[in-house]
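Chains as they are written, first to last, in the numbering used here: chain S, 1 to 71; chain H, 1 to 655.
Since the hints were made in silico from the structure, they are not lab data. A couple of the hints might just be wrong.
[As the list claims (entries may be wrong)] Below, simulated SDA-like cross-link-like pairs (lysine to any residue); rule was C-alpha separation at most 20 Å, straight line: (1) Lys-270/H / Gly-25/S; (2) Lys-150/H / Ile-69/S; (3) Lys-150/H / Ile-18/H; (4) Lys-71/S / Leu-87/H; (5) Lys-57/S / Gly-25/S; (6) Lys-56/S / Lys-150/H; (7) Lys-535/H / Arg-418/H; (8) Lys-5/S / Gly-242/H; (9) Lys-56/S / Ser-34/S; (10) Lys-5/S / Lys-261/H; (11) Lys-365/H / Lys-333/H; (12) Lys-177/H / Lys-189/H; (13) Lys-57/S / Leu-87/H; (14) Lys-56/S / Ile-18/H; (15) Lys-3/S / Lys-261/H; (16) Lys-5/S / Lys-56/S; (17) Lys-71/S / Asn-252/H; (18) Lys-71/S / Ser-32/S; (19) Lys-363/H / Ala-525/H; (20) Lys-140/H / Leu-7/S; (21) Lys-534/H / Asn-553/H.
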Amino acid sequence: MKKVKVLIQGMHCASCASNVERSVGKVSGVKSCSVSLMTRKSIIECEDNVKEDDLKKAVARAGYHVVSIEK
Amino acid sequence: MDHKMSEHDHAKMQEPSIEEMEIRGWKRKMMWAWIFTIPIALLMLGERLLGFEPFPDIVMHIIILILAFPVIFITGWQTIKGGLRGLFTFYFNMDSLIALGTLIAYFSGLSHIFFKNGDYSGVSAMIMAIFVTGKYIETKARGQATQEIKKLLELGAKKARILRGKEEAEVDISELKIGDIMIIKPGEKIPTDGIVVRGESAVDESMISGESLPVEKGKGNTVIGATLNQDGILYVKATKIGSDTFLAHIINLVEEAQGTKIPIQRLADKVTSIFVPTILIIAVLTFIAWFYFTGDINRSLGIGISVLVIACPCALGLAVPIALMVGSGMGSKRGILIRKGEAIQTMKEVKIFVFDKTGTITKGKPEVTNIYSKVKENYLLDIAASLETLSEHPIAHAIVSKANVKKYGKVTNFSIVRGKGVIGKIGSNDVVIGNRSLMTDKNIKYEDFDKNIKEFESQGKTVMIVAENKKALGIIAVADAIKEDSAQAINILNQRKYKTVILTGDNELTARAIAFQVGIKNVIANVLPEDKAKKVEELQKYGMVAFVGDGINDAPALKQSNVGIAMGSGTDIAIEAGDIVLVRGSLRGVIAALNLSQATFKKIKQNLFWAFGYNVVMIPLAIAGILNPIFAEVAMALSSISVITNANLLRRIRI
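Kindly generate the complete structure, drawing on both the sequences and the hints.
Here's what the structure looks like:
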């Protein structure tokens, strides 16, 4: 298990945050994803083998952009 | 390691700029939107109010269509694009409603040319202009709500002056290494966490702990990065850098707390997640129903658009996080770190405050106050110190520093009996040091000292019996001074009708003496460290329990309690255990945390009430056809702004 913090650009309403949570939550290996609209950050708990790219794609699928990922 | 560091800093530095970019972007859009929308508004008003029509009807409509085009398709492009994509991918958001509302309105203007239907293209520009303006104000206000956190991020020093051989060199903070000796002149920020190796000075730690008085620092004291050196030069050896520093921990903790959900939020979240699709359906049904019953396509269209644009999940979705943000920001400024948002809600239900003794009510730095011995005092201290020097317990430290032995006896077979004492062998002598319970376990009689033990204990002191070869030689009494504001804080809790309890491993007599001095009514004594959590569980039968402890051996009890309040004394903060961490190890912080939670939760409730109320009242009004689309959009923008403004008002409360 690992925890990553993802900085996301483009979220500007409450539905946006829940869209990201829904989309990232669908990535296999992701245990939890909580998005803060206020800090623009998403804290994702997932298996070690989850690729950053998959997370980025999931965020993009919901219509937003990943600025950076920190571990 | 370096790589990770730089990425970390990178993200931190980018964060405010994203926000600024967003604010600037909305501002630019807002200006352009109004440049085209104001003429439209003037034309429309002139026509409606004064009957002023400078152009033939068809020309007028075309002018408005042309003016509205850039508002919708240039300033509103991102909203339209995001909204439409949301519609197709089923990731609906706020934009979907606005996009649909404005597009339908705009195209009604186009079709007007051919079918002479009602023209809402002017309205579409106004809706978009108001929406963009609302977003601008909202983003700015949201930025204000995060100001404390931003200050926290900017708190760290950028440069450090270090000693390289005999030379002083200024280096970037990222180049600083553990073990570097930093030189901090008066008025300068301490670059990172470390230990003072030379010099004396007062250090202002208010930015971290909320403690307004400067703290005296000298050789051997630890200092925290980002605090301010005041009057002397300090030479400090760096012990922690980058993401390991105290400041980095605090930032991390405050940021993570923003992602935690408060139970009261669940309903709002649920509503938010189905909000947009629900409104889409309602809007379509409204349009159909109005058309069916009135046959008036123009009116039906206007009402449908009103429904689309009035509904706003924003106020609802922001209600809780924005208040939590402001609340936790206020806390972080005062040394109260809310780790779990849930604690704010649970705090309201708490009936019982349970306090650990050592390090929580007392300073946690016990000193030897009395020695009563049958043998020479020095001998007693010598053997006691020889054993205790192997233990990490605060009482052991007190005995060792009192004895001040040059050469310790060689100890074999040493072991610690948790919550009771220590055992070992010095040469061929069996030594046992501990409380009465340990003596009873080992069949050692101590009746001779009974009177003295009771006397010391009734003064709130902890008594250790020293025995050699199954014979009690003497006793050492240790007292731990009570923190200055413990009594005051507990007094306030008592006044507010909370039950206060002391939970300690000490014996009944000592515990009662301390409890009496600070005004605690209930005493649970003789509790082994591992049983603390169980005792908390028993107390939970009588109501929700907040446990206040200094975090290291209190961790299970902190977890078991409904609200765990950890005393983070300086750098050794026990971050993981508590729901709320008090940076300054003072019980006044418990009161402040209580006040802050109550005030924040009140704001949360207010916000939810407004957000739900707004939607519950306005959507039916729109369906009923009472609201015109422009007013609907104004009301929508105001709803989210009002929720944010209300949260920002939390700052007025004194905690």
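Tested hints:
Restraint check for Lys-270/H and Gly-25/S: the C-alpha separation of about 16 Å stays at or below 20 Å, so the hint holds. Between the alpha carbons of Lys-150/H and Ile-69/S the distance comes to roughly 19 Å, so the proposed pair stays at or under 20 Å and holds. About 13 Å separates the Cα atoms of Lys-150/H and Ile-18/H, which keeps this hinted pair within 20 Å; it holds. Distance hint between Lys-71/S and Leu-87/H is unfulfilled; the C-alpha atoms sit about 33 Å from each other, more than 20 Å.
Only pairs whose Cα atoms come within 20 Å are accepted, and Lys-57/S paired with Gly-25/S is accepted, the gap being roughly 12 Å. For the given pair, Lys-56/S sits about 25 Å from Lys-150/H by alpha-carbon distance, which is inconsistent with the 20 Å threshold. With a C-alpha separation of about 17 Å, the suggested pair Lys-535/H and Arg-418/H falls inside the 20 Å cut-off, and the hint holds. For the proposed pair Lys-5/S and Gly-242/H, the alpha carbon gap of about 17 Å is at most 20 Å, so the pair holds.
With a C-alpha separation of about 15 Å, the suggested pairing of Lys-56/S with Ser-34/S holds against the 20 Å cut-off. Restraint check for Lys-5/S and Lys-261/H: satisfied, since their Cα atoms lie roughly 17 Å apart, inside the 20 Å limit. At most 20 Å may separate the alpha-carbon atoms for a hinted pair to count; Lys-365/H and Lys-333/H exceed this at roughly 27 Å. For the hint pairing Lys-177/H with Lys-189/H, the CA-to-CA distance comes to about 17 Å; that is within 20 Å, so the pair holds.
The straight-line distance between the Cα atoms of Lys-57/S and Leu-87/H is roughly 19 Å, inside the 20 Å bound, and the hint therefore holds. With a CA separation close to 18 Å, the supplied pair Lys-56/S and Ile-18/H stays within the 20 Å bound. As the CA atoms of Lys-3/S and Lys-261/H are separated by approximately 17 Å, the hinted pair is consistent with the 20 Å bound. Distance check on the hinted pair: Lys-5/S and Lys-56/S sit about 12 Å apart at the alpha-carbon level, within 20 Å; holds.
Simply put, Lys-71/S and Asn-252/H have alpha-carbon atoms about 12 Å apart, close enough for the 20 Å limit, and the pair holds. Distance check on the hinted pair: Lys-71/S and Ser-32/S sit about 15 Å apart at the alpha-carbon level, within 20 Å; holds. Our distance criterion of 20 Å between C-alpha atoms is met by Lys-363/H and Ala-525/H, whose separation comes to about 19 Å. With a C-alpha separation of about 19 Å, the suggested pairing of Lys-140/H with Leu-7/S holds against the 20 Å cut-off.
Among the hinted pairs, Lys-534/H with Asn-553/H is consistent with the structure: their alpha-carbon atoms are about 14 Å apart, no more than 20 Å.
Violation of the numbered hints given earlier is confined to hints 4, 6, 11; the remaining hints are satisfied by the structure.
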